[in-house]
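Peer 1: Build the complex from these two chains, which are given one at a time in their own frames, with help from the hints.
These protein sequence lines are chains V and P, in that order.
Each residue of the first sequence is one higher than the one before, counting from 0 in numbering that gives the first Met the number 0.
Each residue of the second sequence is one higher than the one before, counting from 0 in numbering that gives the first Met the number 0.
By construction, these hints were calculated from the structure, which means they are not laboratory data.
Among the hints, a few may not be true.
Said to hold, decoys possible - Output of the computed footprint for chain V on chain P, the stretches with three or more beta carbons under 8 Å from beta carbons of chain V:
#, segment
1, 54-65
2, 90-97
3, 109-122
4, 162-173
Unchecked claim - Below, computed lysine-lysine pairings styled on DSS-like, alpha-carbon distance capped at 27 Å:
#, chain 1, residue 1, chain 2, residue 2
5, P, LYS130, V, LYS158
6, P, LYS97, P, LYS86
7, V, LYS177, P, LYS80
8, P, LYS115, P, LYS69
9, V, LYS177, P, LYS130
10, P, LYS69, V, LYS188
11, V, LYS9, P, LYS148
12, P, LYS26, V, LYS177
13, P, LYS97, P, LYS123
14, P, LYS148, V, LYS188
15, V, LYS188, P, LYS26
16, V, LYS177, P, LYS200
17, P, LYS148, P, LYS97
18, P, LYS130, P, LYS90
19, P, LYS90, V, LYS177
20, P, LYS86, V, LYS177
21, V, LYS2, P, LYS26
22, P, LYS26, P, LYS69
23, P, LYS97, V, LYS158
24, P, LYS86, P, LYS200
25, P, LYS123, V, LYS158
Said to hold, decoys possible - Quick partial rundown of chain V residues pointing at chain P, CB under 10 Å, derived from the structure:
#, residue
26, LYS2
27, ARG165
28, ALA167
29, VAL173
30, THR178
31, VAL182
32, SER185
33, THR272
A virtual CB, placed ideally from N, CA and C, is assigned to each residue, including glycine.
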Amino acid sequence: MNKYTSRRIKNLVMMTLAYVALIIALIPLASIIIETIARGASAINLNFITQETAPLGQVGGGIGPAIEGTLLLVGFASLWAVPIGVLSGIYVAEFRDNIVARTARFMNDVLSGMPSIVLGIFAWIIVVLVVGWSVIAGAFALGIMMIPIVSRTTEEAVKLVPGTIREAALALGVPRWKTTLTVVMSSSKRGIATGILLAVARVTGETAPLLLTILGSRFWFAGLTEPTAALTLTVFDLSQSPFVSVDLPRAWGASLILIMIILGIYIIVRYLTREKYGR
Amino acid sequence: MEGDMMSFKVQVESLNAWFRDRQVLKKINMQINEKAVTAIIGPSGCGKTTFIRCVNRMHELVPGARVSGKIFLDGEDIYAKGTDAVKIRRKIGMVFQKPNPFPTMSVYDNVAAGLKLNGVKDRKRLDGVVKESLKSAELWDEVKNDFDKSGASLSGGQQQRLCIARALAVEPELILMDEPCSALDPSATARIERLMRNLSKDYTVVVVTHNMQQAARVSDYTGFLYLGQLIEFAQTRAIFENPRNKLTENYITGRFG
Chain V
0 MNKYTSRRIK NLVMMTLAYV ALIIALIPLA SIIIETIARG ASAINLNFIT QETAPLGQVG
60 GGIGPAIEGT LLLVGFASLW AVPIGVLSGI YVAEFRDNIV ARTARFMNDV LSGMPSIVLG
120 IFAWIIVVLV VGWSVIAGAF ALGIMMIPIV SRTTEEAVKL VPGTIREAAL ALGVPRWKTT
180 LTVVMSSSKR GIATGILLAV ARVTGETAPL LLTILGSRFW FAGLTEPTAA LTLTVFDLSQ
240 SPFVSVDLPR AWGASLILIM IILGIYIIVR YLTREKYGR
Chain P
0 MEGDMMSFKV QVESLNAWFR DRQVLKKINM QINEKAVTAI IGPSGCGKTT FIRCVNRMHE
60 LVPGARVSGK IFLDGEDIYA KGTDAVKIRR KIGMVFQKPN PFPTMSVYDN VAAGLKLNGV
120 KDRKRLDGVV KESLKSAELW DEVKNDFDKS GASLSGGQQQ RLCIARALAV EPELILMDEP
180 CSALDPSATA RIERLMRNLS KDYTVVVVTH NMQQAARVSD YTGFLYLGQL IEFAQTRAIF
240 ENPRNKLTEN YITGRFG
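Chain P extracted, bound-state conformation (with noise of 0.2 Å):
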């Protein structure tokens, strides 16, 4: 799988990040190969999740967040003169922290949001579209028989599924999971797990994460973020077993973090 220039989905090219005037990613490169799942991992602080929110387009939201550099998605420069930010996000989900579905809206018209937020109105295709990403969420079976039950009404797990549902409804280019387990309990988080190992079959996925043995467990690649910057970007195995970094051996050995 070591990718020629073609294989890969996302390239990162010298991203800087700010907060007003404090900078909070420097001169960040990095490789996201297409249909795998790619972890970021670091300690509190290192830049993990302000990494995701650029690679959407999402940091930019916040008063006085900057950012400069260059991300390719297919080869598109997501950040060029004139790209629309909203456009860029309609190609990429997004999985956050807390699991976050609207809570005046059903199973199904959560699921559905994307579309019908965005115009979509032909209700077969909606159907249809609600059918297939819960199955891929893996919570078809336990809602099919209560899509009108209000979103905010499931277990903290299925919310969060549902939530994968609700990115996955959109076909998505990528999808962007910020610690989509640290507010669930074991059991729920191993479920994730599985189907970010599932997924990964047919979508390219990065996640991030202060959970190191979740990083093992699920992703093909890690990148280490430290204070900022990219220490280390590898194969899972070899940052695990084989760190090059001394930094990042400190860190997976747990001598800080």
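Chain V extracted, bound-state conformation (with noise of 0.2 Å):
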């Protein structure tokens, strides 16, 4: 056998195992969407969506509060840590060799690491103790484990704009912080609004931290201070229910518009990152 020979052999099967490792790595995630769908589509109509929830274990209702109450909890959470968390990215990266930054990068890491029934803890003792079960505390809980996310990726959105270009509006007699306000961000702000997206998704899907914080709940949003449901919390609570045959495939439902909002999400994400490259 000679070389050639041998080196289309071992090509092949290197190619055969990278492609089964492939398909192994797919089977989880196709599972999940397709069981997911099987089981959850049939509970899906207008009703299932626009109702409020009826008592475990009776038929009828829907689980409207809990997509309210997801999108209210995503939203205040985002309108409070999407600007601390762009602004600090901003100022690591354009600052990325001072002590304060360096220390805020590294918080950062500690903090997207942290076990997130931690922060649940956290907005217990902080908010919940203070204001009861309520949406301030789930959009606090939630809010913190969007900082150090989107951080980090507008910190590599500002990096990746040339440092020439903030040359050019420097020696324009621009002052610094209107270029990085102006010039930079809007080099960048696909960048940043991919990172903004990722941590919504990332939050959207979190159980733990509002299992402490929300309560969770039947009816429409009743105020800020008041507990309030959320579609993770309801697929949980509809998942432990006895009444198996009327309430699991409840919970099936919720996880597939769970899974369609989050998806919806990335498919937006996929958009905004695509241009960079395809253009």
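Peer 2: Now the structure itself:
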């Protein structure tokens, strides 16, 4: 057997192994999606999405409050966490050599590795014990999770802006803060938007911090300091119900809607990042 | 043109510059004439770029960078206590080695950037300035029909002229060019060189170049920098035909560099 044939055989073996590994890697993802659609699709109809939630074991009703709750929680979390995350990411990227920036980056890494249940306990002590189970408490916990993700991706996006672009603006007599907020930001806005969406997708699927902060509810939004529902928590509650025949299909239906929301966000992310290389 | 004090646009007095504890410019003294092209030549690492970055106070932006000495622009010391570097930079245009138009801005916005970012909103005035600047930078004819095109979509030579137009738009007292042709092909280079000659009718231009022929072609005065020291400064013809210093002679005859 000459060298050439043996190389071809090696190549073939390695390619086959790679394909097999790929398929194995895709099995869990594919089976989760297929299973969820198969079991959840039949539960979904207009009422399911728009109605208040029926008590466990009782037929009828929907998961409207859970969808509303998730959107509100993630919305309020973004409202306070995104500006902090973006600005701190910019700071860390623009002043990468100073001690504050290095400390902030390190703290961010620690925070993003923090188990989400710990953040939940933190929010419970800080907010729940003061104002009670509430939208505010949930948004607080989710926001803390978002900050390091937004900050890190913003930092990476801002670092990609070439130094020559910054210098061009500075040489025109544009102050440093304005250079950052205009020229640098506009050159990295796609990357920043991507980071924000990834953080949103990430916390939309979080359960642990919400377990300790929002309590759950069968009813529509009643105020920022009142308990609320969320899709993840509703899935959890329904799946724990003793009335399996009634509540399990509803749990699958809620799961499917949750997956569709997150998948939708990822599709937007793909769309945003695509143009960067496509043009 | 051998100037009396009054006609010097820029006067440099014992300028020193450092990167951390490494001194890259040593006691530079130089007078730069108004409405003329002054070339700074010298081998790589001699401090040419640092020198012109000191003239618009960009050097100090690098962490660990330090400057001492005086530079007078129209008689005003730009390093005087309490002088705002940002205000100084507004008076001085700079063109960089690699064309660096703002990638997310159109041709129009690139030229208008200096004014817009400093708060000018009057559309009529902007239109006028953009047109004049593009004409002065000899780019008008090529872009007048696609103002909205991205600045980054132009060719390299066009991008560099766009950067020149951007620098001209703020009506600078002085234009600094840091090896403006090093990333361009010969025909684009010739174009920029011609432009430099034309600009010197209205502007004071300082150009850093590692290309001695370019210095000989475009400049009225030439300074030779070596290891951070200004070895010789004179009219370009004198430097190239009759250098007084042995080092200068060796450099321009290609014995080192």
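Peer 1: Confirm or reject each hint.
Peer 2: Taking the hints in turn, this is what the structure says about them:
1. With 4 residues having a Cβ less than 8 Å from any Cβ of chain V, the segment 54-65 of chain P passes the three-residue criterion, so the hint holds.
2. A count of 6 residues in the segment 90-97 of chain P with a Cβ less than 8 Å from any Cβ of chain V is obtained; the coverage claim is therefore met, three being the minimum.
3. For the segment 109-122 of chain P, the stated coverage by chain V is satisfied: 4 residues place a CB nearer than 8 Å to a CB of that chain, which reaches the threshold of 3.
4. Coverage of a stretch by a chain is defined here by at least three residues with a beta carbon nearer than 8 Å to that chain's beta carbons; for the segment 162-173 of chain P and chain V the count is 4, and the condition holds.
5. With a C-alpha separation of about 34 Å, the suggested pairing of P/LYS130 with V/LYS158 is violated against the 27 Å cut-off.
6. Taken as a hint, the P/LYS97 and P/LYS86 pair is honoured in the structure, with Cα atoms around 24 Å apart against an allowance of 27 Å.
7. At roughly 24 Å between alpha-carbon atoms, V/LYS177 and P/LYS80 fall within 27 Å of each other, so this suggested pair holds.
8. At most 27 Å may separate the alpha-carbon atoms for a hinted pair to count; P/LYS115 and P/LYS69 exceed this at roughly 31 Å.
9. For the proposed pair V/LYS177 and P/LYS130, the alpha carbon gap of about 25 Å is at most 27 Å, so the pair holds.
10. Taking the CA atoms of P/LYS69 and V/LYS188, the gap is about 41 Å. The hint is violated against a cut of 27 Å.
11. A threshold of 27 Å between alpha carbons decides the hint, and for V/LYS9 with P/LYS148 the separation of about 50 Å lies outside it, so the pair is violated.
12. About 34 Å separates the Cα atoms of P/LYS26 and V/LYS177, which puts this hinted pair outside 27 Å; it is violated.
13. Simply put, P/LYS97 and P/LYS123 have alpha-carbon atoms about 31 Å apart, too far for the 27 Å limit, and the pair is violated.
14. As the CA atoms of P/LYS148 and V/LYS188 are separated by approximately 19 Å, the hinted pair is consistent with the 27 Å bound.
15. For the hint pairing V/LYS188 with P/LYS26, the CA-to-CA distance comes to about 44 Å; that exceeds 27 Å, so the pair is violated.
16. Restraint check for V/LYS177 and P/LYS200: the C-alpha separation of about 33 Å exceeds 27 Å, so the hint is violated.
17. With a C-alpha separation of about 20 Å, the suggested pair P/LYS148 and P/LYS97 falls inside the 27 Å cut-off, and the hint holds.
18. A C-alpha spacing of about 20 Å is found between P/LYS130 and P/LYS90, which places the hinted pair at or below 27 Å, so the restraint holds.
19. Restraint check: the Cα-Cα separation between P/LYS90 and V/LYS177 comes to about 18 Å, which is no more than 27 Å; the hinted pair holds.
20. Between P/LYS86 and V/LYS177, the direct Cα distance comes to roughly 14 Å. Compliance with the 27 Å bound is thereby established for this hinted pair.
21. Proximity of V/LYS2 to P/LYS26 is assessed by CA-CA distance (about 67 Å); at most 27 Å being required, the pair is judged violated.
22. Restraint check for P/LYS26 and P/LYS69: satisfied, since their Cα atoms lie roughly 10 Å apart, inside the 27 Å limit.
23. Between P/LYS97 and V/LYS158, the direct Cα distance comes to roughly 19 Å. Compliance with the 27 Å bound is thereby established for this hinted pair.
24. As the CA atoms of P/LYS86 and P/LYS200 are separated by approximately 25 Å, the hinted pair is consistent with the 27 Å bound.
25. For the hint pairing P/LYS123 with V/LYS158, the CA-to-CA distance comes to about 36 Å; that exceeds 27 Å, so the pair is violated.
26. Violation of the interface hint for V/LYS2 is found here, the shortest Cβ-Cβ separation to chain P being roughly 44 Å, above the 10 Å cut-off.
27. Interface hint at V/ARG165: satisfied, since its Cβ lies 9 Å from the closest Cβ of chain P, which is below the 10 Å cut-off.
28. With 10 Å as the threshold, the beta carbon of V/ALA167 comes within range of chain P, its nearest partner Cβ sitting at about 5 Å, so the hint holds.
29. Contact between V/VAL173 and chain P, as hinted, is supported at the beta carbon level, the nearest pair being about 5 Å apart and thus within 10 Å.
30. Given hint, V/THR178 at the interface with chain P, holds; its Cβ is 8 Å from that chain's nearest Cβ, closer than 10 Å.
31. Interface hint at V/VAL182: satisfied, since its Cβ lies 6 Å from the closest Cβ of chain P, which is below the 10 Å cut-off.
32. Of the supplied interface hints, the one on V/SER185 holds, with its beta-carbon coming within about 5 Å of a beta-carbon of chain P, less than 10 Å.
33. The criterion of a C-beta within 10 Å of any C-beta in chain P is not met by V/THR272, whose closest approach is roughly 16 Å, and the hint is violated.
In terms of the numbered hints stated before, the structure departs from hints 5, 8, 10, 11, 12, 13, 15, 16, 21, 25, 26 and 33, listed from lowest to highest.
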